[in-house]
Structure formats: C-alpha cells, structure tokens
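With chain L's structure known, arrange chain P on it following the hints.
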Amino acid sequence: MATEVHEPKISVIEVVKSFGDKRVLDGINLEVMPGESVVVVGGSGAGKTVLIKHMIGLLQPDSGRVVMDGVDLATASPQAALEVRKRCGMSFQEGALFDSMNVFDNVAFPIRRHRRDVGPPAVAARVRECLGLVRLAGIEGKMPAELSGGMRRRVGFARAIALEPGILLFDEPTTGLDPINTAAIATVINRLRRELSVTVVTITHDLSLAFRVADRIAMIRRGRIVAFGEPEAFRASPDPYVQAFLNGEVPQDEEEVL
Amino acid sequence: MSVLGWLDRFGRVLLAGFEDLGRFFSIMAQSMLWTPRRPFDGREWLRQMVRVGWDTIPVVLLTCLFTGMVLALQTFRGFERFHAEAFVGSVVALSLTRELAPVLTGLMTAGRVGSAMAAELGTMRVTEQIDALHAMATEPVHYLIVPRVNASILMLPLLTLLGDAIGIIGGWLVSVGLFGANSYIYMERTFQYLEVNDVTSGLIKAACFGLILAVTGCAKGFYTTGGAEGVGRSTTAAVVQASLYILLSDFFLTKILF
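The listed protein sequences correspond, in order, to chains L and P.
Numbered per the working numbering, the first sequence spans residues 432 to 689.
Numbered per the working numbering, the second sequence spans residues 333 to 590.
Treat the hints with caution; some may be incorrect.
Residues of chain P placed beyond 12 Å of chain L at every Cβ, according to the derived structure [as the list claims (entries may be wrong)]:
hint	residue
1	S334
2	G337
3	D352
4	R379
5	H415
6	L436
7	F511
8	Q524
9	L580
If the Cβ cut is set under 8 Å, some of the chain L residues that face chain P in the computed set are [what the hints assert, rightly or not]:
hint	residue
10	F450
11	I487
12	R516
13	F523
14	Q524
15	F540
16	R622
Just so you know, the hints here were simulated from the structure itself, not pulled from any lab data.
Just so you know, even glycine gets a beta-carbon here, dropped at the ideal spot from N, CA and C.
In isolation and in its complexed conformation, chain P is listed as follows:
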C-alpha cells in the first residue's frame, strides 16, 4: 500500500478516536447540565440504582473474594523468602482498597451494566424511541442518561466498599486456613497500616469509574446507527472503550489522589 494510503488510514483511525472522545465529553457535559433540572424522576433513578448496584453485587463479591485470596497466596509465597509473612495482611488490604477493588469493580460493572446501557439506548435509537421522546417534548438526555450516569456514580463506591471487605476476608481465609497464620495477628496487621485515606481515595476512584462507564455506555448507545448490527457494534465498543478509559484514567487519578 502506498504511503498516502497508510496516512489516509491512520488519519481515519485518529479522527474516529477523537469523535468518540468528543461524544464522551458532550454526553458528560449534557448529563451534568440536565441533572439539577426538573422534573426529577425519582422512580427511574431508583430503578437504575437497583440495576447498577444491587444486581451487580454477586459479580463484585466473587471477583473481589478471589482476588483477595490469590493476592494472599502470591504475597505469602514471595514474602516467605525474606521472612516477612507477617505483613501479608497489610499488603492485601492496601492493594485492595487503593487499587484492585475499585478497578475490578469498574471493569466488571462496565461489562455488566455499561454494555446493557449501550444495548438498551442503541435499540431505542434504531427503533425511533429516542426520536419519540424528543417529539413528546422530553429531552432524551434528561430522561434516559441522567438517571443512569448518576446511579452509576452513586453505586460504584458502595460496590467497591463491599469488594474491599470481601477481598480482605478472602485474604484472611487463605492466610489462616491454608498457611496457618494466627487469625488475631493477621487482622491486626491488616488494619495497622491502613489509613482512612486509602479507602476514601479508592472510593473516589470508583465514583470516577462509575461516571466513565455510564457515560461511555450511554454515548455509544445514543449515537448508534445501522439497525440491529449497529446495536451489537455499540455494545462491544462500549465495553472495550469503557475498560480502556478506566485503565488510562486510573493512572492519572492515582497520581493526583496520592
């Protein structure tokens, strides 16, 4: 292929990336602008909070339980070599609260809820339900996107808090059950080096991830074109993009928050 052909292709990819980013920020700005406006649709907020929060609990619990367990397993094997087994509890607690619980919760929720948002809004777009909302003098961003984005921002920290707790329990199970650590000392070490800031910074991250996954899912769905196939494309793209944005922003959030 000629140089121009490559440049052409590169330019297209770049443009598509910027278009996605532009839509992301446009939907984010619009949803913030519409959040304080009336009428406030409490029923819809509650429905979305149940779907994002309550329905995602099992997935988050399983993910974080096994992450805490494997974390204890790995650090125990490593720390054994320089006789630092006593600090496994501290490492598990710190890594979970600061990093793993928020990120894993964000990724799992993006897969479970972000994709569903893209599919639902995408279907509404291609079947003209979004146009119908417009025609009935109801701003689609206000009715559809505001409850989803805000429910996500509110629920992700709560899910992460659950993940923190169950992950620490997982670490404890492995250390005490498998390696015969003293239960009392393990728990003491877990909380000895854990500061309130470790937990809160994790929760702030989680709220940001909630914003990212909901806005990505809604933006992808909202701008869907091309019928059933388009809905499929949007759904996949929503998960990939949300995961990407979560991991990228994780670095910068960590840099800012600590």
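Bound-form chain L, shown alone:
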C-alpha cells in the first residue's frame, strides 16, 4: 500500500506531438497521483484536448511516453492497451453519445460489449445505478437529440463510469453550458470522486469549474506546462500568463496574435 501511494496513476513524460509543421505538445510532463483530481487549464488551441487524447491512446506521441496505471501505452501489446482503456472512462466535449441509440443503450453499450457474462437484469440495474449517480434517473428511454446539452454530458459521464473505471477523463465538460449547469456538472464530478474513489483528469478553460473540482491545477500554454500546483499556490503563481488568465486579460506577449 505504501509503495502504491508514491507511484503515479498517470505519467506523461516529455511528450512531443506535431501535426504537420505545428508542434502542439512540446515536451510536456504531468504526473497524477492515485485518487487525485487534476485539472488542466489553458486557452483554446493550447493542446489540452491533444494531451487528454494521448492518455487514452487515441493519439500516439512523436516522442516521450505515456504511462497509465503502470502500463506504457507506447510499448504495450494491443491487448494490454485495450485492457487499460477498459479501466479508463472518458467523457467527450459534447457527450459524443451514439445518436442511433437511446440513453439506456448508450450507457449499457460498454457493459454489453465487455461484460458478456452479465445478464440483462444486471445490465439494467447497473445502467440505473450509473444514471442515478449523475442524477438522471428515469430518462432511459429518451434519445440523445431530446436532451439538453448539460444532460447529454451527464449521460456521457454515466457511460464513462459504467465499467467502474479507476481513471476518469473529462474533456471540456462545461463548454457551452450556463453557470447553473456548470455548477451541477462540478457537483456531479465531485460526487463521482467521492463515491467511486477514482483518479480524475479534467481539461477545461473554465476557471470556476477548475477551482471547484481540482486538488491540483496545471496551466498549459503552447504545448508546455507553465504552472502546476494546489489551487491556492496556482492563484499566487508568478507566471504572467497564469495571472492574465486568472484576471481575464490579454497577456502582453500575445497581443500580436489578435
């Protein structure tokens, strides 16, 4: 147990990733401890989404390593990489629900796919439990198109936790939501943390969400982490870009891009 605590659940080590001649991640380092909630903030196009896609193996780094739950995604066998993905749940920006299926089938999808031994009544029970955790009981029969943006995200959360993952990844969970829905999302994320004791990584540019759910906050800029620390330390960071971000100002060295 003692050794486990010092072993990070997620390690991103010197990861470089380019698309064409644009270097999106430029030697990024990030460690997330078991049970911790880390929020990565940054402006649009800073490489946040690219970073989280590396964690689940949707993208492969040009150089550097990503180690999830003790498995190096670059050198792991396809089978081992698949097992890692089953232990991760990811929620996408707009929910990414399958729009040909209703809510029930969406949440049941990973269970039916990977727990072939689980019978229909147990699947139904698990789906109800997951929807209950995100406070959406009773909407099983609705189609994704009938739901509001906030509800779609939360159904996405329910689907992400269906296989009882040890790691949860949230990609921009509040983009385009009003403050009340944002608060509701933050409450649900904290509730999932409390009840499932999972490790959480959230990508966002929404500071109110970041300060609500984070144990530690990292600031990403131009493919690098420029500040990383507990919320209070983060707030006091001497980095001018962090201060500009916190105060909603245009940083001086970025005026030319406008």
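Same frame as chain L, but now just chain P:
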C-alpha cells in the same frame, strides 16, 4: 500560370488520388482482418443487411425493369433491319445478367447506401462518437465497418438476381405487348443461349461492387474532417468515387471472369 505552378497542382491531384486509394485498401484490409474476430455482432449485421438489401429493392426493381424494357425496344428496332427479331430475348437476357444488372445495381446502391454510410460515419467522426468507441475499448472498424462491408457483399448478388429477373420480364413485356412477339417463343429464346456461368459471373461482379461501394463509403466517412461541411464533402466524394471504381473494375472483372 508558370510551369512549376502547373506541376505543383498536378502533383497535388496525383497525391490526393493515391491517398484515397491507400485509404480504400487500408480500410478493406482492416475490415477483412476484423471480420472473423469476436464478439460477433449479429444484430448489427442484420440491421445493415436490411438497409443494404431490403430497403434498396424498389430502386433496383424500377431501374432494372426499365433497362430491360428499353433494351428490348432498342434491339428490336436494330434487329428488325436484318430480320433477327427472334433473338431479342437472348440479347436482353445476356446483356442483363452479364453486365447491366450488376453494374446498375452497384451504381444505384452506391448512390443510396454508400452515401448514407459516408454521411453516418462522417457525422460520428466529427461528433467524436468514433473516438468514444475507441475510448470504450471497441475497435471502430470492427463495430462499424465490418457489418456494413459484409452486408453489402452478401446483399448485392441477391439484389442483382432480382434485377436479372425483373429486367427479363421488362423485355418480355415490351416484345410481347408492344411488338406482338409470341410469348412462348420469346421465353424459350431467352433461356436457350443463357448459361449458368452468365448469371454466376454477374453475381460475382455484384459481390465485388458491394465490397467497393461499402469500403469507399466507410473510408470516406471514417476519414472525414471539417465538421458539417466535411460530412457533405465526404458524402459526395463517396458516391463519385464508388461509381468510378465500380466502372473501372467492371472492365477488369469482365476480362478475368470470361
């Protein structure tokens, strides 16, 4: 424009063509590789078979009925000149089974089903549903493309067989109804020179066209970029490219099969 400018443009077009061809073969190889793997998703196979096969029947019936009719009309006018009207039935049957029914069925299905595959997969790509499948440790090629490609390979020959039959009936309708040919003799002539090989080679062609249109539609959709506009582009490109590939491969298949 300078010579270099023209060369540059020519090179781009050539590269884009090779890229398309490469993606086509990559998707084809992957779908074959994944076909025998478990879990076998019978429900999805059946759903796709209904969409490719059953739902396309009316279009194929109409197309082939009128093709058979016009074929009888044209050959009758021509053959009249050297008093060979008696062989109209044979010509209609041979041209339909060997060439027209498979090609027209392929083209119509490419327009109806290939485009729908591109649009559906393209939408799933731009709304991150394909990434979500990946994240849930489900190979998108296995879940989305394998049922579509195989349903298409299985259904196209059956559709063609229907087209053969209805086309021959169309020819008979025109010859007997319009030109007063003897019904019994017409039918006898129809089958007198028709060999089993004529029909089977047409069905083999149809299966190949099914493979081509499904793989093109899926590849175009799978590699969609650029939001709603990109989906539109993929859909158009899928139909144009599938039709092109069908007509090109038709020549070589005919050369090999006869």
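Self-check item: Supplied contact hint for R516 (chain L), tested at 8 Å Cβ to chain P
Solution: Result: holds, 4 Å to nearest chain P Cβ.
Self-check item: Interface restraint verdict for I487 (chain L) against chain P (beta-carbon cut-off 8 Å)
Solution: With Cβ-Cβ at 5 Å, under 8 Å, it holds.
Self-check item: Closest CB of chain L to the CB of L436 (chain P) still more than 12 Å away
Solution: Per Cβ check, L436 (chain P) is outside 12 Å of chain L; nearest 30 Å; holds.
Quiz prompt | Consistency of the no-contact label for L580 (chain P), given chain L and a CB cut of 12 Å | solution = L580 (chain P) clear of chain L: closest Cβ-Cβ about 32 Å, beyond 12 Å.
Quiz item: Can we confirm that no CB of chain L comes within 12 Å of the CB of R379 (chain P)?
Solution: 9 Å, violated
Self-check item: Hint check, Q524 (chain L) versus chain P [nearest Cβ-Cβ separation less than 8 Å]
Solution: 7 Å, holds
Exercise. Mind checking the CB of R622 (chain L) against every CB in chain P and telling me if the closest is under 8 Å?
Key: Where the cut-off is 8 Å and the nearest Cβ of chain P is about 22 Å from R622 (chain L), the hint is violated.
Practice problem: Closer than 8 Å between Cβ atoms is the bar; does F540 (chain L) clear it against chain P? Give me holds or violated. | Solution: Status holds, d = 7 Å.
Self-check item: Whether H415 (chain P) stays farther than 12 Å from all C-beta atoms of chain L, as the label says
Solution: 59 Å, holds
Self-check item: No chain L beta carbon within 12 Å of D352 (chain P)'s
Solution: 19 Å, holds
Quiz item: Hey, does the F523 (chain L) contact hint survive, CB to chain P under 8 Å?
Solution: 4 Å, holds
Quiz prompt | Beyond 12 Å from every chain L Cβ - status for G337 (chain P) | solution = 22 Å, holds
The structure fails to meet hints 4, 10, 16 from the earlier list, while all remaining hints are met.
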